[in-house]
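Novice: Sequence lines, in order, name chains A and B.
Per my numbering, the first sequence runs over residues 1 to 98.
Per my numbering, the second sequence runs over residues 1001 to 1494.
Do not take every clue at face value.
Said to hold, decoys possible - Here are the simulated lysine-lysine pairs, DSS-like style, with alpha carbons at most 27 Å apart:
#  : chain 1 : residue 1 : chain 2 : residue 2
1  : B       : Lys1069   : B       : Lys1052
2  : A       : Lys40     : A       : Lys52
3  : B       : Lys1227   : A       : Lys18
4  : A       : Lys14     : B       : Lys1477
5  : B       : Lys1477   : B       : Lys1103
6  : B       : Lys1227   : A       : Lys42
7  : A       : Lys12     : B       : Lys1227
8  : A       : Lys17     : B       : Lys1227
9  : A       : Lys81     : A       : Lys17
10 : A       : Lys81     : A       : Lys51
11 : A       : Lys52     : B       : Lys1227
12 : B       : Lys1410   : B       : Lys1131
13 : B       : Lys1227   : A       : Lys51
14 : A       : Lys52     : A       : Lys42
15 : A       : Lys48     : A       : Lys12
16 : B       : Lys1054   : B       : Lys1069
17 : B       : Lys1227   : A       : Lys40
18 : A       : Lys17     : A       : Lys52
19 : A       : Lys12     : A       : Lys40
20 : B       : Lys1227   : B       : Lys1069
21 : B       : Lys1085   : B       : Lys1069
To be verified - Facing chain A, according to a computed beta carbon distance under 7 Å, are these residues of chain B, among others:
#  : residue
22 : Phe1160
23 : Gly1161
24 : Pro1222
As the list claims (entries may be wrong) - Some chain A residues well away from chain B (every beta-carbon gap over 12 Å; in silico):
#  : residue
25 : Trp29
26 : Arg39
27 : Glu44
28 : Lys51
29 : Lys52
30 : Phe55
31 : Trp67
32 : Met68
33 : Gly79
Quick caveat, the hints were computed from the structure, so don't treat them as lab data.
Even glycine gets a Cβ: it sits at the ideal position worked out from N, Cα and C.
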Amino acid sequence: MDPSTPLTEEQKIKVAKKMYIAGFFFLPWLWFCLAIYFRKEKNEILQKYVKKAYFGFFVFTFFLLTWMAVFLSQRDRWGVKGDNLSVNIPYGDSNYDS
Amino acid sequence: MDSLSSQEELKESDIEKPKKETENLNENEIENEIEKENSQEKPEKETEEQKKKKYWDRSKIRRMRQLMKEKRFEVMIQAFTSSLKRILIPVSITMILTVILIKTLYSDQTMNNQFQDVSVYNENSSDSGGKKFAGSLLNALIIVGAIVVMTFLIVLCFKFGCMNLVFAYIIFSTFIMLGIIGAVTFIELLVAENLGMDWLSFVIFMLNFAVVGVTVIFWKGPEIFNKMYLIAVSVLVAKVFASLPEWTAWILLGAIAIWDIFAVLSARGPLKVLIETAQQEDKPIAGLLYNSSLYFENDYDNDDNDNDDENSDKNHESSSDKDHKFVDNPYSTSSDEDNFENDTNQPKKNEEIENKTEDNNETKKEDQDDDLIKIPKEVFPERKKRPETKKPEKVQYQYQYEDEDEGGIKLGLGDFIFYSVLIAKASLNDYSTVFTCFIAILTGLSLTLFFLIVYQKALPALPISISFGIIFYFLTKLVLDPFIEQLGNSSVFA
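Next up, chain B with everything else stripped away, as it sits in the complex (with noise of 0.2 Å):
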């Protein structure tokens, strides 16, 4: 009852006092409460009274975390409105640059579609509703399924280490990507523009192409490069998938717009264990992998309503677990033991099998203390960046979301891939399709990215925009464009 009525004290302190004040005190309290908890692991065996004590203090921990959330809240909508931008632009590029390669390659022919010999079911235009619905509807699924298994052994990859492979492949099948479908739709191109070319130029081109691409992507190379050849890759693929027969892509969409939501957002769902993989064991990922979310890179919040009470339970388990092993030497630190280390060197044989336990004990030990420290550095993230500014709180707070700016906000490949097959397919329609889409799409990625910066932690991109883009293009197709057509006939205009 000693922590609650403390943390009623801080809260009073916290309205009274000016905020950096508050900010150190929070901190001292916070330094306080490990130093208690360290005292407090030290003893024994845990008694039922520590355990709850213990169980108060990460509560009011928590509380703490929710104060300083509701602070951030202001920066957060000044975020995201400069968030917006970096995010839209590119989308909207692609977008217009797959526009354009559709119009300039169909314009007046029809495309053929370039999934004719895997697709089980080929749409006839004579066929009924029923059962072109039926049978696009099983060609949507083995493309999704086939997407399912892939992201899975991507992630069972990623999880078990073996990453090397799948770099191996993404690489491999990146480059043949960027050189055989880009080969295609240059030849396309030049066809569609009845431009000359020889084998020997064309070669060297797609090679230099691919190669950069692939360096650019996976390697090192400038920043617009590597931005360049993501919306390159995204417009390729799409093109790809835009070849698909009229009903398999839209269920196709919608498909992949549901299996997004499942990947992201439940519990166990590939895309989420991706990236709470890569944000606690701070692994990069690569350009390619992050599909179809958008996160917060620096976020800490994101995992603490799901995982907090796992967390808890696991430390409560684990600590009964190393308390014993931790009492045989509960006051030996690193910088000790290199000091007795270097000063005797006779009886070395044995202490080297009893560093070995030692080390054990002590990586576990270690492991406790980061559980232990890293509470505070949560609730204070920019304090594990720059610990000694002596900035107003608003300055570092602007700093760190401009550093989140830089790379903060990121949207998965994959978004740009079906938003630009969405926009592909309505530009074989008509122009009016495309622009109602492409506000649809716009509209729902910034009411996504609205959604990300109120409940932080990583959200699916594709459902809304997807949603927003179907329901638009066909109400554009049947209802506008009659509409429109008719005011032409009459000559409303003129």
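The following block holds chain A by itself, in its conformation from the complex (with noise of 0.2 Å):
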């Protein structure tokens, strides 16, 4: 339940399966996490989960901001759909007219 508990190298290899496995449930910022968490490690198991969770993370944190960036230049033209899917519309600036 600690997480400050120094682990074994067995437990440490228990640990980064799980979550880079969980990472695959739209969690990036899980494999962000464990590749912190194992980075000092020599392990080479433990290197090549790292190694993926990088990877991982970056792939995603790609996609996401393409669609976000997306979204957020597409908004306006995709028409009541775009208002749909936003969280917030944000109120133009009466000074800026394009």
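Put the two chains together into one complex, using the hints given.
Specialist: Written as structure tokens, this is what we have:
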């Protein structure tokens, strides 16, 4: 339960595996957490997990950011669909008219 | 009386000889003591004289412990300065983040009370002072009552070993809290900053935030993530509490501080019981549980003042019980028994039954041994950790306290939350109250830390800080603000 307790190599590998698998459920932040957690480990298996996790995190983040950029720039064109997808619709600035 | 004189000898030798030697001497003395006590235990029943002698031995050990304590005092002051940094920085970060959050969200709009539906009394600005006071007292008491009931339930579960239930509840509630309060705050931030976002990425963000938060707080994760999430939890909860109406919030803060005094300091206070059981049984307390208390993790002196007499009484009672059983196999140690078992295979069934009874005896014997051995360990806590280091004493102490600094002095999450509530309430007024309350809370906290070092037992962290905070809030609001306004009007600083 305590995150600060030291782990043995086997336990570390188990933890890394669990975190890595859980990351596939749309949890890139967990991958990043894993990568930070085991970044200093010299064990090869752990290093593999760290690399995979970094890779997964950056790929997921890339796609997410791309989607967000597309959404934010294209929202007005999508009309009602875009509005329904929005959490918050920012109001325009009256001084700035394109 | 023998033991008394030897005690005096010990004292003299303590003064004359260098420290290292005295430590050895002390150890030898204590080992002799144990042998003596062991040899005393073997014969049939305790006579009055033996009881008396036992009492003297115990008092002697207690006095020796006192001596060790004095030596440790210097090191403790050093520990104080380093622990100050470790505690004050996260508290300051939490408070600053809370102020930033509150100022961003509610700089131009008033906060709507999130407790409106559940609170008994809703404040109206037109109500009379007495009505406001009575109503908000009722509100505050209900909230404190809920906290009290929950604390008792958790402590009961902790005592009776059904921690899984508590953990399940706490993990679930943390997840819900991070998810829902986090989401609400996030939406409010988006609105306040006039930013657009879509539901898909919003859900992914919040899911990641909540799941990783729970993982890191309750399972495994990098330490920095753990700390960040604890701070985030405090800020979020503080934000919710800050939405309470003015009077209710201040009365709630006072009531919580008073409850904290009771919970940590009174003999049957739930938090005290919690901390003591955790220390005795070496169970770790999960991050969110150890509310509102500062304590040393490796603090052996904690219970000697209160429980020593009780313990010795118990020992007397139980030892008289045990002695009868003890006589049956006084010399059999566990290793002997193991060998015996391995050698003879034939009469196993009978032996097993015998072993069972022996096991019972043995466990009891071990208990008793533990009682005896515990005392020297308490006198020399560092021996438990590294028994064979031959470094000079001072270095050993430093190691010990460095160890303690790693995770030594702990501040409950409840303290973080209520400091932040106070500072959030202050930030709803003006920046002047923010600064005075900030300084007041940090001063109170460092005072509490100092008392912790001096008294060496778990202390409530809320009362000093909160009372300082409340005093300074109202002083600033009623005295300093008009004064500064006056100065501004007459353009003194211009």
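Novice: Taking the hints in turn, state whether each one holds.
Specialist: Against the structure, the hints come out as follows:
1. B:Lys1069 - B:Lys1052: holds (26 Å)
2. A:Lys40 - A:Lys52: holds (15 Å)
3. B:Lys1227 - A:Lys18: holds (22 Å)
4. A:Lys14 - B:Lys1477: violated (56 Å)
5. B:Lys1477 - B:Lys1103: Holds. Lys1477 of chain B to Lys1103 of chain B sits at ~18 Å (cutoff 27 Å).
6. B:Lys1227 - A:Lys42: Measuring from Cα to Cα gives roughly 25 Å; hence the hint holds.
7. A:Lys12 - B:Lys1227: holds (21 Å)
8. A:Lys17 - B:Lys1227: holds (23 Å)
9. A:Lys81 - A:Lys17: Judged against 27 Å, a Cα distance of about 39 Å means the pair is violated.
10. A:Lys81 - A:Lys51: Cα-Cα ~38 Å, so violated.
11. A:Lys52 - B:Lys1227: Holds, because 25 Å separates the two Cα atoms, which is no more than 27 Å.
12. B:Lys1410 - B:Lys1131: violated (40 Å)
13. B:Lys1227 - A:Lys51: Holds, because 24 Å separates the two Cα atoms, which is no more than 27 Å.
14. A:Lys52 - A:Lys42: Distance ~15 Å between Lys52 of chain A and Lys42 of chain A Cα, so the pair holds.
15. A:Lys48 - A:Lys12: With a Cα-Cα distance of about 13 Å, the restraint between Lys48 of chain A and Lys12 of chain A holds, given a limit of 27 Å.
16. B:Lys1054 - B:Lys1069: Holds. Lys1054 of chain B to Lys1069 of chain B sits at ~23 Å (cutoff 27 Å).
17. B:Lys1227 - A:Lys40: Holds. Lys1227 of chain B to Lys40 of chain A sits at ~19 Å (cutoff 27 Å).
18. A:Lys17 - A:Lys52: holds (11 Å)
19. A:Lys12 - A:Lys40: holds (12 Å)
20. B:Lys1227 - B:Lys1069: With Cα atoms ~32 Å apart, Lys1227 of chain B and Lys1069 of chain B exceed 27 Å; violated.
21. B:Lys1085 - B:Lys1069: holds (24 Å)
22. Phe1160: Because about 18 Å separates Phe1160 of chain B from the closest Cβ in chain A, which is outside the 7 Å limit, the hint is violated.
23. Gly1161: violated (14 Å)
24. Pro1222: holds (5 Å)
25. Trp29: violated (4 Å)
26. Arg39: violated (8 Å)
27. Glu44: holds (20 Å)
28. Lys51: holds (17 Å)
29. Lys52: holds (17 Å)
30. Phe55: Answer for Phe55 of chain A: holds, closest chain B Cβ roughly 17 Å.
31. Trp67: violated (7 Å)
32. Met68: Answer for Met68 of chain A: violated, closest chain B Cβ roughly 5 Å.
33. Gly79: holds (14 Å)
Figure legend: structure checked against the earlier numbered hints; hints not met, in rising order: 4, 9, 10, 12, 20, 22, 23, 25, 26, 31, 32.
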